[in-house]
Structures are given as C-alpha cells and as structure tokens.
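**Student:** Let the sequences and hints guide you as you build the complete structure.
There are 2 protein chains.
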Amino acid sequence: MHCGMNMLGVFCVRACSGLVGFRAATRIQRLHCFSGITAAQIDEEVAKLLALKAQLGDDGKHQFVLKTAKGTRDYNPKQMAIREKVFNTIISCFKRHGAETIDTPVFELKETLTGKYGEDSKLIYDLKDQGGELLSLRYDLTVPFARYLAMNKITNIKRYHIAKVYRRDNPAMTRGRYREFYQCDFDIAGQYDAMIPDAECLKIVYEILSELELGDFRIKVNDRRILDGMFAVCGVPDDKFRTICSTVDKLDKMPWEDVKKEMVNEKGLSEEAADLIGGYVSMQGGMDLAERLLQDQKLSQSKQACAGLSDIKLLFSYLQLFQVTDKVVFDLSLARGLDYYTGIIYEAVLTQAGMAPVTNEAQNGANAEESVSVGSVAGGGRYDGLVGMFDPKGRKVPCVGVSIGIERVFSIMEQKAEALAEKVRTTEVQVMVASAQKNLLEERLRLVSELWNAGIKAEVMYKKNPKLLSQLQHCEESGIPLVAILGEQELKDGVVKLRVVATREEVDISRAELIAEIKKRTSVA
Amino acid sequence: MHCGMNMLGVFCVRACSGLVGFRAATRIQRLHCFSGITAAQIDEEVAKLLALKAQLGDDGKHQFVLKTAKGTRDYNPKQMAIREKVFNTIISCFKRHGAETIDTPVFELKETLTGKYGEDSKLIYDLKDQGGELLSLRYDLTVPFARYLAMNKITNIKRYHIAKVYRRDNPAMTRGRYREFYQCDFDIAGQYDAMIPDAECLKIVYEILSELELGDFRIKVNDRRILDGMFAVCGVPDDKFRTICSTVDKLDKMPWEDVKKEMVNEKGLSEEAADLIGGYVSMQGGMDLAERLLQDQKLSQSKQACAGLSDIKLLFSYLQLFQVTDKVVFDLSLARGLDYYTGIIYEAVLTQAGMAPVTNEAQNGANAEESVSVGSVAGGGRYDGLVGMFDPKGRKVPCVGVSIGIERVFSIMEQKAEALAEKVRTTEVQVMVASAQKNLLEERLRLVSELWNAGIKAEVMYKKNPKLLSQLQHCEESGIPLVAILGEQELKDGVVKLRVVATREEVDISRAELIAEIKKRTSVA
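First to last, the sequence lines map onto chains L and F.
Just so we're aligned, residue 402 is where the first sequence starts under the numbering used here, counting upward by one.
Just so we're aligned, residue 402 is where the second sequence starts under the numbering used here, counting upward by one.
These aren't lab readings, by the way, just hints derived from the structure by calculation.
Glycine included, C-beta positions come from ideal geometry on N, C-alpha and C.
Take the hints with a grain of salt, since some may be wrong.
To be verified - Chain L is faced by these chain F residues, among others (derived, beta-carbon under 10 Å):
{"no.": "1", "residue": "Asn477"}
{"no.": "2", "residue": "Lys496"}
{"no.": "3", "residue": "Thr505"}
{"no.": "4", "residue": "Ala600"}
{"no.": "5", "residue": "Ile881"}
Claimed, not checked - Restricting the straight-line Cα-Cα distance to at most 20 Å, the calculated cross-link-like pairs of lysine to any residue (SDA-like) are:
{"no.": "6", "chain 1": "L", "residue 1": "Lys468", "chain 2": "F", "residue 2": "Met790"}
{"no.": "7", "chain 1": "L", "residue 1": "Lys858", "chain 2": "L", "residue 2": "Arg922"}
{"no.": "8", "chain 1": "L", "residue 1": "Lys468", "chain 2": "F", "residue 2": "Lys794"}
{"no.": "9", "chain 1": "F", "residue 1": "Lys496", "chain 2": "L", "residue 2": "Asn489"}
{"no.": "10", "chain 1": "L", "residue 1": "Lys496", "chain 2": "F", "residue 2": "His875"}
Stated by the list, open to error - Computed from the model, here is a short list of chain L residues facing chain F with C-beta under 10 Å:
{"no.": "11", "residue": "Lys479"}
{"no.": "12", "residue": "Ser537"}
{"no.": "13", "residue": "Glu601"}
**Tutor:** Here's what the structure looks like:
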C-alpha cells in the first residue's frame, strides 16, 4: 500500500463512528484496498462520502431522495401526447418509404460496443459485474443494428428503429440534452448503386423536418473521403486524420481561430497545414462547388477527394429529382464525431427564420452562431465498414442511415405548445356516463360496459353518488365532448340524455340508438 | 490480506503470461485487493478467468462473441409486426377506458427500488458505480409509477405504461421468459368508492384476453386481507405472514404436499396450522363462496378476512354488471409474490380448450397442471401503501392496477403465426415504381418522389437498371399489391402502366390520375 493511507485511515474512523451507514462503510473498505490510489481519487471518494453524509437527517435517519436519476426525466401525459404525435409523423414517413422495424435489447455485451465510438467511449454506461457477462447500455442504435445484421447474416434491409439510448454526458436538460434519450433511426443496408439510398435518406430528413413544422432548416452535406483527401493534400500526417477530423467537427461550436489553436497547440499540426485546412473548411455551396473543387489544383490530386466530390455531384442530381436542393448545402466544415463513417455525412440544423442562407459561401460569423444555438436535429451518413467489424470473416454490408434528434424536437414542440397555451388532450374519451340522481351506480356501470363493448371510448366516475356538476366539470377539464346522462325519468322512458359539452345542448336518445348516435357525433371530429 | 493469496498469486502469473488480455489483468488486480475474500469468491473469479481464456483463439487473438446478452433477444421485422398488432389491441383497450400514458427512465436511483420486492430484490440489475449516483434498472413499472406520483404530488390518475423491465432471473426463453421483457400496465390511482376501479381492471383483462384470441382463460381473484385473516385464524405467527404467503404462492407450481413440507420444515410452521391452511387454499368459487366463508366459524373471527370477503362480494356484483363473471373465479390459493399488495389480487391464466372449469371447487390435479403449463398472462392487485413509502409525509394514494404478461402473449402469437404458416407483411408499401427498360432511373426517382409527396407508401429499387422480373419478384415476396411501370412508350404517352400483382392485370393510367387511382385501389383493402 502506497501513499495517503494514513490520512484515509483517520477519515475512516471519523466517518464510520455511527454517522454513516452501510454504503459508506463499503466505500471505505474498498478504498483501503486501492493499491495505486491517487490524490484525485481520494478527493473524489471524500466527496462521495460527504454526499452520503448530507443525505442523513438530524436524527441520523436516512432521508429518502425523491428524484429521477441525473440527466433523466419522466414524461407526463401532456408530454406523452406530444411525443406520440411526433412519433406518428416520423413513423408514417419511415413507413411511406417502405421501412420495416426491428428492436434490440437495451444492453449489449460490453465488447460489442468497444472500439466503435472513439473518444466518446468514456460516456458508455456499464452494468455492474454481478456475475456472468459484462454488459453496457447501448450508446446508439447503429452499432446494435450492425451487430444484428452480422449475427443474422442479413445483407439487405431497410429498417427503422425508435428506442432510447444512454450517454453519461453532462446533461443540459434545458436545451433538450439528456443522459437517456430517444433515437429515431432509419437505415438502408445493402450493395446498391451509388448515392440512390443516400439521396432517399436526405429526402426523408427533408420530409420529416417539413412535416414537423419546426421552422426553416438546412441540411449540411460532406463526405469523409473529401475530408481525408483534404487532410492529405494539406499535409496532415496519416495517423492524425481522425484526431484532426474531431477538431474540425468543433467548428459548429467554436470559431476557426480556436479550432486552429487546438490543431496546432494540442494536436501538433503545422501552422501551414492548419491554414490550408482553414481555406477549405470555410467553403459552402451546391453541385457547383463540387464541380469547382474537382478542378482545384491541390484537392484534385487526391483520388479519395475526387471520388467523394463525384459522389456529391451525383447526390445533388438525385436531390434535384426529389426537389429538396433548396435546403441542402455542401459544407466542407461538416465532420461528424463518430469514427465509423466512410462516405457521405450529413447533419440538419434549424436556422430560425432562415438566418443562414444556403448560397452564401463567405460564411458570416454571426449567422453561423445563430444556427448553432438552435442546433442539430438530424444527422447521419454512410458506414460501409461497421457490419464487417462484427462478421467473423469480415464480410462487408454497406450501410447508410439517418438519425432524427427527437429530444430536441420534443423540446421545441413543448415550448410551442406552452407558448400558444394550447390545450393538449391526454385521453381520447368520447363520452362520459353520468347520472343526475343518487343510487344510479349500477345503471351507470351497465351502460358504460355496453359502450366499451361497442368500441366506444367511455368513462364513468368511480363514486357511488357523484354530483352532476363534478361529472360535467371533469368533461370540461379533460375535453370529453359528450355526456350520456342517466336519471330515473330517462330510465323509465328507455332513453339517455346526450349532452354536448361545448354547446350544452341536450337531447334524449333511445337506448337502442345511443351507440350509433355517439359514433355519428364523434366520427372524425 | 488473509487466506488464499498464494494460490491466487500463482494463478495470476500463469494467467497473465501473454495469454490473457486487459480484462483478465484488471480482474486479477481487483482480486489482489479483496481483504475479506472467501473460497467461494475465489472459485467464482477463477471461473470467470477461465471463461475469458476460453474466448481466446489459438493465435491468442480475442475471438469476438456475436450474440445478445444472456436472456435477451432481438425482434426481427416479422416479430415486430406481430408485436405492433398486439400493442395496438392492448393500447386501444386502455384508451377505450380513458387512460393517459406516462413514461419513466429505464433506471432509477438504487434506493428507490430498495425494500419493494422482498426476496426478489436479488434479481435487480445494478449499474456500475462510475461516479455519481448508484442506479438500478427498473424491475417493474409499478414502483416507478408510485415514485412518479409521490414526486409530482399526484393524487388521481388513470394511466397505462408500456415499457421494458429487467430481472436477472434464470431465463426460460422457449417459454417466453426473458431477462429483458415488456410490461403493459394499467393503473388507477385515487381515493374512490370500494371495488369500482378494481372491477374495471378485471373488465380490461377480460377484454384484452378476449380480443387477442389466445384461447380460453380464467381470472383468479383473492384478497391479501383474506389471506392474512386466514393465516391469523390458522395460528400462523404475525412475523411469518409474508414468508408463509410466499410459500402459498408456489401452489401453482408445486403440489400441496410439497408446499406443506416447505411451511413445516423450512419455515417452521406447526403441522396443525399448515393443515388448516391446506383446507382453505383448496377452495374455489364465486360470490357464493365469499358468502359461505363469511359464515365460516373460524374465518369470520378475523375482521380483516371479513372486510376482504365483503369486498369480494361487492366486486362480483360489479363484475356481473360488466358481464365477465363467466371467467372470474375466487381462488383462496392465489397469493402473488410481491410484498406491496394490500387488498384484491388477481391473475389470469390460459386454460387451453377450457380444461379448468370455473365452478369445480374440488380442483382436479391434472387440470391444475394443465392451466399451469400455459401460465399466467396477466396479474395485478391493489397496493394502497406503496405511494406513501415515497411521500416525505407518508401521504397515501390508494392504487389498483393490472399488468399484461405481454411476452407470453408474443410467444403464443408467434407460434400461432408459424403453425398457420401465415404470411406476415412487415412493410405497408402500396406501390413499387418499376421500369421495363434501361436508363429510366431518373424517371423512376421523379415518380416515386411524386408519390411520397402525395402520401403514398412507395418503393423503388436502388439500382440504375434493375430487371423488370426482379422488381416484380420483390413485390410478390413482400406483398406489395401494385406496381407502377414506366417504359419509353408510357413516357411518350404520358401514362403509367399500373399492374395488380395478385391478378397480373395491367392498365394504362394517365399521370394526372395516377395518385387518385392508387389511393382508390389501396383504400381500406
């Protein structure tokens, strides 16, 4: 045992003397066992012990903390109603494009995720080793998808997958960034002719963002091969491609000057190489820019870059047929963080009132910031090598896909609903079975049961003798359009008084015709 | 450092000498640190190291294991199509009964789950302590629901929640038992008049199981207060109520003789008390049985039992109004494992071809086995104390709910689909845009884009020049009903050849009328 154990010993005695419970004791026991402990680790453990201590009340009794885990949230019924609407829009689009759906477990073998996420691997949630396999929560839906394809030897599929993924990131919940969040992925796997599935992915992003009515947006497009070719002709050493690529990816969060500083000071790139990169990554345009760069003296020396530029040209020709080029911009600063992309990459950003014009190549700093603050709402690209990483014989299945940043969409929709003070209905109840007098519980139950059996969405209050007023109030509050009122007179006459909540109009309907009448009045509307 | 370190030291040298990688080294380092290590722990660690070693190939290279975590599975598109159908049936029912929906995170603070599941707590998945809060995967949806109510001070809600839960149980996947599985919960929280919401829960179980067409079923009903009263009058000591209740719960898995043995030999109950219990737990019936037991000399001495029996009577009267008594049986052997139930409990079992008659009180052993083998497909009950466990002031919110055992339902539906060799469609594509000649990719893309924009579900092959036959074959295989065929003649004439896949009938439709024609031909059908 090395450094620091004396100090820890003292702390242990004080902390253990009656104040702190089992968890603290376990923690300290574990501490004693560290052989290569550092001061930082000790500080961290001390902080945890103090946090435990803070949970103890005055009487030493454990105070229960009533909260969800850090970076996570519950969805209340209103949020769920909005979520359902958003999902329906997205799923309809995926289905319109002929996608099937699959599901995978929330955790994978730890080694399935290993080596797929570069520097972000530290954000993976691991499960405790309770005996058996070492497991981790999925970090995205793409790696499980690739594992699924390799495991089942699938070479062709077009599928969507909507599910939660997990990242131990610093949550920024006001901006819709959580540790548990939904991903909505659409991917096309298979050996096809160039850029056709890629163009469909962009068409899907275009359709979804338009239908969700989130305001104006741009879809930035680039290609990993163009980036790699650019790095090569700018004099970046081969082994620095990925790390310089990560730095370029920060251009949407910080100005070029800081990005350049990171390249030169932290990553050890030459000033000249950085400046050359700076020249390229400021370029934005459309098919014309791709054509111009194919003539660029430097860049055209790279075979890779030329292949990427030709594909960008082809992509834009398909996007013209799909009539979506008004929102798509070829942007050489787009890099995307993930290691596994091999070709086309893209990212959609909301631009609020169209502040970032597509064709303006001399990018204005203020405008760039504007689009950043709203942030990315979709992203994706081509990853032709990922499935091969899982296949025992390394057989490749080319893939291209897109992920909709659904949490940010939820946040925006919620803000919109709040701003408009919209009344969001959280149930679909069509009719409330109510009574005007006492002692009619049995009659109410009999009628509501009849309605349920006829497929009508109906409710009854769980009271023997509820007041008519409180039954009507419940309808007003939850937006139930109709009330079927039973009274002794109605029972005698074999009718039900049907009341329209909005107009307060009331009409007697015979029991035999009630179901048809309710269906008529609630159909579509 | 105590026992066993020498042996471990030797093992460490052998295991570390080039053969085993980083994970093994970490494991051994951790082993060295145990201060109170036992022989069993060492055995376990040795087993893990050997398992790691087994994963190493001949060349010492790590062999990747291509699988999902133990006890979990992927859902392929066919399974998802079945799952979607089942969920739609269930959600429709929940919505028909006026339920809202909520969602909660997949993990909770560990202490939120502590002390809620009795002996089953050992099955909870914990997350690794990576700094910060201690977390566990949710074990059911009921405890998170109670936490949600207390946290948000909600006293009235009727909600459903469909989501995955996690139990480190021994998986029996052929029988539809997994470590990751869906729960479909419907719960009514609020202070209401007795048995009205409880009866609605049973009505919902009845509706769902009927609509899913799983074959005949029975819903067993009992009350925790009747069980407790029965234990009291049979002479079970107060502190043994819960543990004896757990043993009674095993009556659906083992015969009375074995249950009695466990009570007497393991739990230390007197033979006489066990026999008295045996007399009661063999009873089954309806409202009549509840009336008879209210007159039972022994049982009627317990206030609790009488309260339970009166409520069973009231429940049956409501169930008669709901016309569901043909499937409901009052069964004194029903106990349910969970600690938190306080009143009515119920469980639905499939009986295959109606083998277990409801009214037969002298339960036939063979019949009992029959219903067991198919197993429970729904269960629930009243838990009036759970929310109070989370409320800082202990305020109670009475709750009653039901959980549909959806995984077993999936298994049955899958078997059915397989047995009938049903063709399950996994997409909803209405039309395939095809070409009869080469060089028509652009025309196909233009047309499919038009169809998408009109809301039609359409597909196009991602090839420049696909063969007409392979385009038609794809339609046959995936059940696409229509093909819109483009050829040079059709383009000249401004028409599209619309082909009905099933009949091979072909008809020329003008471009202007194509969308309306497709919509007409695919509406409803």
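**Student:** Tell me if the interface restraint on Glu601 (chain L) is satisfied: Cβ within less than 10 Å of some Cβ in chain F.
**Tutor:** 8 Å, holds
**Student:** Does Lys496 (chain F) pass the interface check with chain L, least Cβ-Cβ distance below 10 Å?
**Tutor:** Status holds, d = 5 Å.
**Student:** Interface hint check: Lys479 (chain L), Cβ to nearest Cβ on chain F, cutoff 10 Å. Holds or violated?
**Tutor:** 9 Å, holds
**Student:** How about Thr505 (chain F): closest beta carbon in chain L under 10 Å, or not?
**Tutor:** This hint holds: Thr505 (chain F) lies near chain L, its Cβ roughly 5 Å from the closest one there, short of 10 Å.
**Student:** Taken at face value, is the distance from the CA of Met790 (chain F) to the CA of Lys468 (chain L) at most 20 Å?
**Tutor:** 14 Å, holds
**Student:** Hinted pair, alpha-carbon criterion (20 Å max): Lys858 (chain L), Arg922 (chain L). Please report holds or violated.
**Tutor:** 13 Å, holds
**Student:** Do the alpha carbons of Lys496 (chain L) and His875 (chain F) lie within 20 Å of each other, as the hint requires?
**Tutor:** Holds, at roughly 17 Å.
**Student:** Against chain L, run the beta carbon of Ala600 (chain F) and see if the smallest gap drops under 10 Å.
**Tutor:** 8 Å, holds
**Student:** Verify the proposed pairing of Lys496 (chain F) with Asn489 (chain L), using a straight-line Cα cut of 20 Å.
**Tutor:** Between Lys496 (chain F) and Asn489 (chain L) the Cα gap is close to 16 Å, so the pair holds against 20 Å.
**Student:** Next pair to validate is Lys468 (chain L) with Lys794 (chain F); report whether the Cα-Cα distance is within 20 Å.
**Tutor:** 16 Å, holds
**Student:** With chain L as the partner, please determine if Asn477 (chain F) meets the hint condition of a C-beta pair closer than 10 Å.
**Tutor:** It holds, given that the least Cβ distance between Asn477 (chain F) and chain L is near 6 Å, below 10 Å.
**Student:** Mind checking the CB of Ser537 (chain L) against every CB in chain F and telling me if the closest is under 10 Å?
**Tutor:** 9 Å, holds
The structure shown violates none of the earlier numbered hints.
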